[in-house]
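Peer 1: For what it's worth, the working numbering labels the leading residue of the sequence shown as 24, then goes sequentially.
Any given hint might turn out to be false.
[Stated by the list, open to error] Quick list of the computed label-pair ranges, beta carbon to beta carbon:
#1 D140 <-> P115: 39 to 49 angstroms
#2 V123 <-> K223: 21 to 31 angstroms
#3 A301 <-> D194: 49 to 59 angstroms
#4 D140 <-> N303: 18 to 28 angstroms
#5 P268 <-> D68: 33 to 43 angstroms
#6 L376 <-> T238: 49 to 59 angstroms
#7 T142 <-> G285: 38 to 48 angstroms
[Stated by the list, open to error] Result set (DSSO-like, lysine-lysine): computed pairs, CA atoms no more than 27 angstroms apart in a straight line:
#8 K229 <-> K59
#9 K416 <-> K452
#10 K415 <-> K353
Please keep in mind that the hints were generated in silico from the structure rather than gathered at the bench.
Even for Gly, the Cβ is constructed at its ideal location relative to N, Cα and C.
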Amino acid sequence: MLLSALFFSCEDPIGIVIDTPSTGGQISTIFTDTVKVSTSSVLFDSTFTSGQANAVVGRYKDPVFGEVSAKTFAQITLPLLNTDAFTALKFPKADSGLTVYDSVYVYIAHNGFTYGDTTKTYSLALHRLTEDFVSSKRYTNDDVLKYNPTPMASGTFKYADMKRANSTAQDSLLKFKLPNTLGKELYDLVNTDTGSTIEKFTAAVKGIAFVANPTTENAYGLAISGSYIQLYYHTTNSTDRKSIPLTFYSQRFSQIVGNRNGTVLQNLKTLQPIASSATNNRTYLQTGIGISPKLTFPTLEALQKNANITINKAELVFEPDLDQITGNYKVPSQVALVQLDATNRIKKTTGNLIDFIALDAISGTQYVASYNSTSNNYSFNFTSFLQDLVSKKKTTNGIALVPSLLNTTNSTISVYNSNVSRMVIKNVKLNVYYSTKK
């Protein structure tokens, strides 16, 4: 026996499919319209942008989300022995006492992320930080560090320049010559106590603020972990140019600010969800800013009353509104589901980790959904989680869809806020297959 039906929630259309076989009278099919999903959009208060390999810099006006501007702040750090250890700032023994300072350059890699009008040029300025990072702090999109208003260097680039900088070849990267005052300062720290540890070095040198020109109409992603500073010198017994590479491999974050005045989300306030019925029956996601769709299950109690129910399969599907995707405003490549607490913040586990909703409740394997351009959706296996809700093994104050990054090395995911991808969702479908004993 195959039964299927389409129901509507009080706020947003949600498809619910019920499909269960009957086997000799032992299992019967239950038809119910009591499982509904309410949707809204929520603005988080803590959107962490620190400690990620990429960053975003620029400004533009989004036709849906309004004005967006982003700056990035990064420490200048010592050379890396490997990805886990810094080395002291030293000249090779063979060059000791023979070195002569030449120059210092910054090479910046583009990570491929682009938003805004790419027909317009992109102007980027580098400013010297005047404020220290706090080593124990996790920085959010609202944070900012003080910097010298006069840039150390600046450049104007075309889209072709940015595409070319999506490379590991030094000649392809964005190149900035820094002042010799900074270069000499770095040179003078070689073979000194200040240049011996990362703590002493960063306290002395601080870092760089990456700032777009106020007239810029686009934003680009910077591969901060793949960018670096090259301190050039030569020796008195040779004309060959030599160098010491410095990194941005410690503290870094992006300040990302949105102005939603005049948009459908202009009344969105921190931790106060707006129902989709008040936003054109759509829900909204914007990375970096911290806007996410929130889902609740207000009538789940009807299924919970039946102790014999078994969820055979549940699938949660999000469908973007392609009419809201114009130009290069692409949707996030990956998203994940997280639990929310009673205050609409992202819930943490007892180990202070983000409470991701897992694909497999037994193994705890974390799960992400990638955008399927063919079917235009993100699809989640929701079976274990829904069964746990029905059996009351778990409770929920609601769940949120968040941008994510899958680490294929250790199969873990994190909330990813180092760019400004966005998405307008027009349909959320919960496809449920369940059975109940007579």
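Peer 1: None of the hints should be skipped; say for each whether it holds.
Peer 2: Hint check results:
1. D140 <-> P115: 39 to 49 angstroms: holds, 47 angstroms
2. V123 <-> K223: 21 to 31 angstroms: holds, 25 angstroms
3. A301 <-> D194: 49 to 59 angstroms: holds, 52 angstroms
4. D140 <-> N303: 18 to 28 angstroms: Because 25 angstroms falls inside the window, the suggested range holds.
5. P268 <-> D68: 33 to 43 angstroms: Hint holds: Cβ distance 38 angstroms, inside 33 to 43 angstroms.
6. L376 <-> T238: 49 to 59 angstroms: violated, 42 angstroms
7. T142 <-> G285: 38 to 48 angstroms: With a Cβ separation near 24 angstroms, T142 and G285 fall outside 38 to 48 angstroms, so the hint is violated.
8. K229 <-> K59: violated, 53 angstroms
9. K416 <-> K452: holds, 23 angstroms
10. K415 <-> K353: violated, 38 angstroms
Of the hints listed earlier, those the structure fails to meet are numbers 6, 7, 8, 10, in rising order.
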